[in-house]
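K.L.:
I would like the entire structure built from these sequences, with the hints used as guidance.
In the order they appear, the protein sequences are chains U, R, G and X. Residue 130 in this note's numbering sits at position 129 of the first sequence, with consecutive numbering throughout. Residue 473 in this note's numbering sits at position 334 of the second sequence, with consecutive numbering throughout. Residue 134 in this note's numbering sits at position 123 of the third sequence, with consecutive numbering throughout. Residue 137 in this note's numbering sits at position 155 of the fourth sequence, with consecutive numbering throughout.
Among these hints, one or two may not hold up.
As the list claims (entries may be wrong) - Covered by chain U, per the in silico footprint, the following chain R stretches (three or more residues, Cβ under 8 Å): (1) 172 to 179; (2) 306 to 312; (3) 421 to 429; (4) 445 to 456.
Think of the hints as simulated: they come from the structure by calculation, not from any bench. A virtual CB, placed ideally from N, CA and C, is assigned to each residue, including glycine.
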Amino acid sequence: MNRLLRILALLAFVPVLARAAPEPIKVGALFSVTGPAAFLGAPEARTLEMRVQELNAKGGIAGRPVQLVLKDTGASPEKAVSFARQLIEEEKVFAIIGPSTSGESMAVKALAEEGKTLLLSAAAAEAIVNPVLPHVFKVAPRDSYAVEVLFQRMKKMGITRIGFLSSNTGFGKGGKEQVERLAPQYGITLAVNDVYDKNATDLTAEVTKLKAASVQAILNWSIEPAQSIVVKNARQIGLTVPIFQSHGFANLQYVKAAGSAAEGVIFPASRIVVADQLQAGNPQKPVVEAYRKAYEARYGEDVSTFGGHAWDAFGILVQAIEQVGPDRVKVRAAVENMKGFVGTAGIFNFSPTDHNGLDIGAFELCTVKNGRFAPLGG
Amino acid sequence: MTRPGLPAPARVALLAVAVVAVQLATQASGRGFYLTQLTMTGYYALVVLGLSLLMGYAGQISLGQAGFFAIGGYAAAFLSTIDVSAQRALPAFALATRMGLLVARPDLYGGTTLGVNPWAGLVLGVGLASGVAFAVGVPVLRLRGHYLAMATLAFGTIVSAVAVGTQRLGAADGISGVPPFPILPGVRIGGGSADRVANYYLAWGLVALAMLLLGNLVRSRTGRALRAIHGAEDAARAMGVDAARMKVRVFVLAAAMAAAAGVLLTHYVGGIGPSEASVMKSVRYVAMVAVGGMGSLWGALSAAAVLEFLSLRGVFGAHDDAVFGGILVLVMLFAPDGILSFRARGIVEKLRGRPARPGEGT
Amino acid sequence: MTLDLALQYLVAGLTYGAIYVVVAIGFNIVYSATGIINFAQGEFVMLGGMIAVQASRSMPLPAAIALAVAAAAAVGALVEVAFLRWLRKPTVLRMVVITIGVSILLREGALFLWGEGVRSLPYFTGDEVSSVGILGARISPQVFWVLGTVALIVGALEWFYRRTLLGWEMQACAANKDAASLCGVPVRRLVTLSFAMAAAIGALAGAVVSPITYTSYAAGGPLAIKGFTVAILGGLGNSGGAVAAGLALGVVESFAVSVLPAAYKDVVTLSLLLAVLVVRPSGLFASGEAARLKEF
Amino acid sequence: MNLLEVIGVSKRFGGVQAVKEVSFRVRKGAVKAVIGPNGAGKTTLFDLLSGFRVPDEGTVRFKGREIHGQAPHQVAAHGISRTFQNLKLFGHMTALENVMVGRHVRSRAGMLAGMLSSPASRREEREIEERARAEMRFLGVEPLSLSPAGSLAYGQQRAVELARALCAEPELLLLDEPAAGLNMRETSELAEQVLRIRDRGVTVLLVEHDMSLVMRISDEVAVLCFGQKIADADPRSVQRNPEVVRVYLGDD
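P.N.:
This is the structure in structure tokens:
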């Protein structure tokens, strides 16, 4: 008899147990950890893993732990699609962070929409959110803002004739399209508009071509080592004109690589790179400093803007879930209408027509002073 | 028959049974989503089968197979995503529309575009790849050994460089938004989870067809001539085999199969990127043929099915390339005739110290 | 195209060319001793740079470079002993495919050890901006280190092959392995030595070049393709031809950039490789007859 | 009637004049031998006849049609088949398949027919297999049909190569040192086989060192020395030809 009672008691107890261990919120991630875009995906993956562990240490979201399902796409669209389908159809993840590159984001965009799964892309291309798809967002600032900030400064400096170089990667192409589109509006002519190979080991011939075209300034758009090579080669052949770089240059690793040649280079950067020099009142200061301290303490390498995208995407997702609870439809709407989210890339103000949420204010012109990043005053 | 084992049609029937069994198993176990990776694996298997015929049977190495895949894929992607609705009125375009060459299609954002009919894309894609294969093959197949390896590697790298460097091909981002390919009434390559089972059977149906055709070919007069070329090219020529022409024809056939796979997989995935034309992809195809055994279609098919499926499932994680590199080395060191032909007889002889004779590939 | 610009393009071309020459020489050393193209040669150049940078953190520059060269030589020898030596009558195809697999493993190993970051040795003299003016063209001092090192390597090899007994034995081994072994030449050890030498030379170049080109785990692949393009142009096994072909290709690439968009530079080089392979597989300088007799 | 006419054929490799203005003819149905010391240019001559090398000068006429300079597979199509001095078999394939490849020149099924396994191609396959088995029976090696050619004993491999050449139903059979490496028993067996081949109406041209074999089966013998023909007659008179004796036995 008492055996029966014990079984009944056990049965009664089980549901309680079931409730005690809450079912985790699955978050999918698609980063190109290896392959040609490793310097985008690797920091993004490390950042996301760090944030998920930190969050779970503090009890997860409203008590439910976050389970991260991370896949390395190696920057190839066919893998991104295969993994995206796994995340959406099998793992039934709540949301997907990534992919790292524009090519992959365009490939998985339709899948996320069809699978009604929130996608927070870390890539920059405008076409990801233009035209808008309800479930597709991106957390990287538009290339056009970076170009506009640069062109505004060039106009102020009276520069009208520049030599433009870009690499044959997704990043380079994104920048090239915006530069070509916006240059006429700022009265700037591209005396040279050349694309070089991302594996370029020496670009002296390239910069010689710029010297031949006697340009007033150089603008380079790439994120590979080539961006440091361009700066060095230009200075080595005696080109003293001002050099402008893309927001890809906001990575201390490349400044160190360019060494003294990087002095005075002007580039747009999200405030993450100049965190320590931000005035106390700047709302982004606490966020970027928290990220920088945590990342550099844990991984012992300089923080990068691209890692910041993963930090922002996860932050936006967590804030939305905390606001409206783990309901897909409500969270999507929460993200779409989220205002004033302070991220490393800037202050996000999403809207049904703007799934990027950043404005030109996301960028601040910076320069390099004796090997350190510094806001460009004046 | 001169060759041990079942004739090709019987084996293909076995394959068909296996294909259906796998589908039912995934359905029963609630893992229907495996079909996505299995479908993609099926298309990649077509490339490996073509390469197995070229490398395993005719003995001609190619490090450029991904180049032909990309030519097919990019042709289909480019033709199916261009929007010529603006020129709709022009006589040529109007005629093409009436002939069904151009088809209107709703795009993702509610608008309609007028693009090229996917069937035309398939024909043009495979035709272009075959033409390029002929043009490259005639001079290059006179080379042997590492010269041939390097020439095909150079060809593959050229295709990759052009794909990455061309603005109209989406440069580094590649081309996305490729519409599904309506192939039979109610069956279309691509589309979402609703079409999953149909796509699976379509892909593996093509694989079964390829196995039947190549299985027959390998056992036919032409197949024998190919293996003769691999064995001793001079002797084959003395027996009346026009080795040069035969090698080019197999090179073009393998390229056409790779291009067809490129077209169909691009429609299934909905896009293609320059990563499909990379040297590493070509090396993976070579690895799968090597694992399956030089001169063994069934070996190549099983190697492709297992390795590609695991890779697409992300089982190898960030070490995907390392796994294929490692496999390539291990197979070439210990089982140059492939794991499947490494039968007990081979092992026994190795233990007894006598070199194992080259296993007879089926 | 003024004189100083032309000179600038020329110097840039010679710098590119010098890098290709060293990789090509690495291919030639292994090819002439074994008859195969070692596709992993590009990876040894990368290893040289990576190890040197790692070592330079804890020791002076020359010591770090020496360590890198020694370590790469050890890896080169290990590759030959572990993967190639014990094969019985391997076909060329089988050995080539093995070296391709090895190049992938070395690259993934480097990724695992050093991560995806980019690194470089500091400039040997001056820094990133210093440059020397010649007739209006300005050249970074590191370029002279590169050209000097390559000249040193080529000279040392000439002396080695011409003047030393070991060098003659290596040539005998290259000409006819069986005959050489009949004369008591330790053929197996020489083949291992050839891999070690090729790796060492590649590593030395990798270290010297790293301030200019930076080194990352994936730097080996593109270098290998340029390397064997030059090796083929110069005629496989003919290192003199490789020097001329390498410098020529570098200069052609450099001047080509002044005309057509740089992204297509590689397409030009590869088409050249394809053309030479098809028309004269024996290369521009070597005699066709000699190459055809060489068994491959 | 002459089946094969070789007129003034020469071939030079750099400094070496391998073959110098060699002329001779082979009568239909005869067995003609070409002998000479090592390096006399015999194998080069064979390569010139079978299309592997192109003569610098001179013409080669087969059944009245010029065939010099044509590719090996075209020469084979005319009905000339050959064996190789160093035995070029298809190691991976079975003995039967090796012999079946010999039938390539006499069959037509193309790539498409092969893939579709058309009734015509299947019928042709059966014919080819039957023909190949017949040739293997003719040489007594049919039991070996399913074993890989690479694993057969040397003598057996020679027989398979001969069967392969015969399988092409040639009008002219070129034998490149068929007796090389055979023991006495195997050589006399070979002699029998060559005579039986001739009785089937196949004309044979062989290059050989083994004088006893040559004398026994040849109707005519040509002698090459340093690339030049120094004698061309019936075996008996060639044996007594002082020039030939001097070349072979040296001046005493």
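K.L.:
Indicate, hint by hint, whether the structure satisfies it.
P.N.:
Now for the hints, and whether the structure bears them out:
Check on the segment 172 to 179 of chain R: 4 of its residues sit with their Cβ under 8 Å from a Cβ of chain U, so the three-residue criterion for coverage holds. Requiring three or more residues with a Cβ within less than 8 Å of a Cβ of chain U, the coverage given for the segment 306 to 312 of chain R holds, as 5 such residues are present. Requiring three or more residues with a Cβ within less than 8 Å of a Cβ of chain U, the coverage given for the segment 421 to 429 of chain R is violated, as only 0 such residues are present. Here the segment 445 to 456 of chain R counts 4 residues with a CB under 8 Å from a CB of chain U, which clears the bar of 3, and the coverage holds.
In this structure, the one hint that does not hold is number 3.
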